[in-house]
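S.K.: Letter by letter, the chains look like this.
There are 2 protein chains.
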Amino acid sequence: MAVPYAQKMAESQKEISISDFFAKNRQILGFDNPSKAMLVSVKEAVDNSLDACEEAGLLPKIFVKILRTGNKDRFILTVRDNGPGIVKKQIPNVFGRLLYGSRFHAIRQSRGQQGIGISSVVLYSQLTTGKTTTVISKIGEDYPCHKMEILINTKLNRPQIVSSEVVLWEPAHGTEFQCEIVGRYQKNKKQSVLEYLRSTAIVNPHVEIIFEDPDEEVFRFQRVVDKLPEHAKESKPHPHGIELGVLKNMLHYTEARKLTSFLTNEFTRISPRGARGLLDKADIPDKLNPKRLSLDKIQGLYEGMQNMKFMSPPTDCLSPIGDRLIRKGLRKEIDSKFAYTVTRDAKVFRGTPFQIEAGIVYGGELSAGEQVQILRFANRVPLQYQQGGCAMTHAIERINWRPYGLEQRGGKGIPVGPAVILIHIASTNVPFTSESKEAVADVDEIIDEAVRALMDCGRRIKSHINKKKKLKKVSEKYTLIKEILPEIARKSSEIVKKPQLALDEVITKIMNVHVIDTGIHYREVGEGENKQQHTEVTIKVQNYTQKERIFKLLVKVPDTLIQGIYPESYKMKGEVIEWDVGPVSPARSVHLGFTLLGLDKDEYEEVDVFYSKLPGEVIGADPA
Amino acid sequence: MAVPYAQKMAESQKEISISDFFAKNRQILGFDNPSKAMLVSVKEAVDNSLDACEEAGLLPKIFVKILRTGNKDRFILTVRDNGPGIVKKQIPNVFGRLLYGSRFHAIRQSRGQQGIGISSVVLYSQLTTGKTTTVISKIGEDYPCHKMEILINTKLNRPQIVSSEVVLWEPAHGTEFQCEIVGRYQKNKKQSVLEYLRSTAIVNPHVEIIFEDPDEEVFRFQRVVDKLPEHAKESKPHPHGIELGVLKNMLHYTEARKLTSFLTNEFTRISPRGARGLLDKADIPDKLNPKRLSLDKIQGLYEGMQNMKFMSPPTDCLSPIGDRLIRKGLRKEIDSKFAYTVTRDAKVFRGTPFQIEAGIVYGGELSAGEQVQILRFANRVPLQYQQGGCAMTHAIERINWRPYGLEQRGGKGIPVGPAVILIHIASTNVPFTSESKEAVADVDEIIDEAVRALMDCGRRIKSHINKKKKLKKVSEKYTLIKEILPEIARKSSEIVKKPQLALDEVITKIMNVHVIDTGIHYREVGEGENKQQHTEVTIKVQNYTQKERIFKLLVKVPDTLIQGIYPESYKMKGEVIEWDVGPVSPARSVHLGFTLLGLDKDEYEEVDVFYSKLPGEVIGADPA
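So the protein sequences, as listed, match chains A and B. For the first sequence, counting from 1, position 605 maps to 605 in this note's numbering; every step adds exactly one. For the second sequence, counting from 1, position 515 maps to 515 in this note's numbering; every step adds exactly one.
Hints in this document: simulated from the structure, not taken from any laboratory. Treat the hints with care, as some may be off.
Note that identical chains are pooled: a pair holds if it fits in a single copy or bridges any two copies.
Said to hold, decoys possible - Heads up, simulated BS3-like pairs for lysine-lysine below, C-alpha to C-alpha not over 30 Å straight-line:
no.: 1; residue 1: Lys190; residue 2: Lys477
no.: 2; residue 1: Lys573; residue 2: Lys556
no.: 3; residue 1: Lys473; residue 2: Lys497
no.: 4; residue 1: Lys72; residue 2: Lys291
no.: 5; residue 1: Lys131; residue 2: Lys571
no.: 6; residue 1: Lys482; residue 2: Lys187
Bear in mind the structure is a predicted one, so any value in this text is a computation, not a measurement.
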């Protein structure tokens, strides 16, 4: 009897080390080609430094240096931070072992989570140059500073310590990472190290980055805010969308003795009452040992969890970028008067909370004949590659932008027009398509949220374009009436030698409209320490109808100090100033206004005015 | 002294199991959403079956069934093959452990390589339904058939055998895989299970697939070829593009005592003479122990390898799809008269051989106003997702298609026009962007090759379009002359009551051109077993000049039986028939032709005619 082929095959069936796997498939980690490898190496090191600083509550100060070597393809990369440092025993593990880290099991927003990033740079370095990576780390003023040279034993996925010594190092604490890689340095490109650092600095204004490029040019990105972003708290899974298998595993490993305590302690948003309701519905007695639940009962519990209503997940485990920084990020690309941003509420996919923010700028000097530019961010990290493979791009492509005034062949695909779209996902576990963290996977819930945010932006572009058009039309009519009619009246009165007629009423009759005009004026008051930034806002309502008007006017204001609101007959309702205006006689106007403090020039760029109780046509505002 | 934060962090720094990693990041494996999860599950199981059958030299017969359960989101997937089976001991490892497989270290083209695919389906199944996966396998007629139910212990990445028994099973050998998953079944969609199976059957004509869908509709894809494709041989790394770190590792683990034997035995295409030349150039004595080479010496050896010329890698480790099946794949999408394919020579990236094939169809009923359709394949597996993130798509986007007659905004991006492009990469290690194997990474060498293949296709579209235009113009002129001139002559002769003039010479004088017309006629000869497929090809050369012509005519023919070539004054030169034609007098024509046997209807669709020694204008052929 011949030996079955299966027995021959069995000999070659064996375990594959994760390091070997990634050494063979390094493109999965983002090291597809030399320029990308350069960017990824910097990114992993910087993201790591930022995460460590923020976790330890330290304002990050990062120094990045790329040094050319004698070999034109080879560069020495140094990244140094003022973070908490790493204890000696863990240095080799953190840098010399794939799938080793501290943030994997934590439900909290952070840049790195997989325990792969920085060790993948070490792996890439040794693959392409054969050299060791040097790590220097100090955990406190009175602690020794350790310097280690390491390699990764890929067959075992374990660090190999080539040298280890105690050295003198000035900083009180921090970590320095240095490796030699094969790479390419690209200056002045969209997908470059400099661009990555600049974008990172914009959406992380609490960070200081100093970058020395291979030509020894130094770029400084100063800290703008002396405060860390709200510390993203650790959370627990949300019952919605959690997977059956995960629930099963949680039950298996729980230390809770009762199901109610399991449910209330190990999930967010399940109250004791909710837990009892759940168990009642699934017909499971509370006294059952959570560890011994049958698959059927787990299934029942699972279905109950999916069908029951729970509060949205807490958002304090998320750290969105926020309206102001989104505008700033967009304005970096283009100087345009119109920008609109939207921050959605947190939602859940597979039990994981996430939040979508989007922003759009329109017009300005942007070329109308090209595809709109897309800026993608995930957990405050700019994504520079794999745009075509990203759910955030797919959301843009799915929307029919034509009703919103952008060109788009066939009503799908990336639209064409003078616009830049920014989109950010914040999540405790961003579902990237690969370990290189370049694109977000097509998770239905995420695409849905992104589509909603973007459509909101789209509607605002449209109303912006319409408003502009309408105002232009009215202003043409207005010019005609206000300038030409009096001229005709003057000439006629000269000819017939009679006194000139009063025209206001005639004009009013012809116009039959209310015109609301707004103005924004920025100035700096005082000097030096006492300097104040004033943004003065004026609103003028003209009554070009034949009736007296009494109405309400509402203005949405940003979250900043407000001074000198006039007239004083106003009420503040949240972020809205509400006036009772009038009576305003026909052909008369009324002035309103206020001053915003502490905003940068152009930070407040469009006055959102709403009205109620004004019948007929109103130009320059929307009904409340 | 306060405890440094680093010490607090150290407590949570720990190893992450690969199963846990993928359970948390299942989108990396392709399980982004229910419809994709369905497709990926089928794909991984079928790819596995195909690889196993082919490796064992068995013609694959695969049965796939998707069964709806009582729960509308849940399906039971069964995939059964007639492969070699799996020995009992290895069943749990192959299905219940990530990063475990037989093909990872082999340099040979296969669908699976990572040892992740099928166990990822088991993981997904238990994550979403909590259920076990059942595997039945038998390795030979006289061996017992084993049935096992398994789960994966994700904390350890080890299989957990829930039950194991010996059962009766009719087939002589084979494997059946059954799991329950949360999924969505999409009928009649581009990115569907059916579409995947159909495309797979087309480029793998040696495969029989029977598919029963959730509506119990059965689809049969019959075997078309009774022969396995050339068995892809195992190869060794090619010296070009291999990485320094890999070379260092190979030296470390080699059993060779001398560097020359290391180089000649462990690489392909390094001859003993080449090896000595290499060592001389790098100034390394052959007697040095390969294991003890310093990094400097390794670096020198590495640089020498990159700068020296070597033969291209052997292609017998690759299995391209081939011209005929590419046309068939394209024709499935669209019935068009024009198709062109190109197969590039094998090239190397990072020491890994790869080969690009491309094909294009143009015209037919395709809509002219939409983006061209793209069909991507890797190692004969259709890629249905992540088109936007794939190097093959990026190659298409990088080309300026406008000179080739397709529309394209700004000369980049996916072109618009009535065309379908197919592109295939065959490689011993396709560099996918992620474990889900949906897109190829942007490796420079691959994009370059793809661009070359596609530009070749582009040039052919252009010459096709030009030829069509030119023929149309000439035929209009010809119609004018051939029909209207005689009519005028007739009328004139009637009026003047004189005999009609002979017009041939006049026409010849006006035309002053050689016109080559071709015809293809398909018919079936005989009945039943004796049925033969005949494709008759005719070529007519008309001499519309005033000189007698003696010239050469060449026709490229496909690789099939050829009969009845006339006139008999021909020579076969490889795939080309060459005739010495003439003398052909002015206003006279000559006929040539042949019959191709065994091709399907429309399989031969355009006669490629070339000429030499014909001065002046020639319509319908290109100069040789």
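S.K.: Could you run down the list of hints and mark each one as holding or not?
M.R.: Hints, one by one, checked against the model:
For the identical chains of this complex, Lys190 and Lys477 are neighbours neither inside a copy (45 Å) nor across copies (54 Å), given an alpha-carbon limit of 30 Å. When the C-alpha separation of Lys573 and Lys556 is checked against a cutoff of 30 Å, the pair qualifies only within one copy, where the shortest distance is 10 Å, while the shortest distance between copies is 82 Å. For the homomeric pair Lys473 and Lys497, neither the shortest alpha-carbon distance inside one copy (35 Å) nor that between copies (77 Å) is at most 30 Å. Taking identical chains as interchangeable, the C-alpha atoms of Lys72 and Lys291 lie at most 30 Å apart only when they sit on different chains, with a minimum of 28 Å there against 60 Å within one chain.
Taking identical chains as interchangeable, the C-alpha atoms of Lys131 and Lys571 are never at most 30 Å apart, the minima being 68 Å within one chain and 61 Å between chains. In this assembly of identical chains, Lys482 and Lys187 lie within 30 Å of each other by CA distance neither inside one copy nor across copies; the values are 55 Å within and 65 Å between.
Hints 1, 3, 5, 6 from the list above are not met by this structure, while the remaining hints are.
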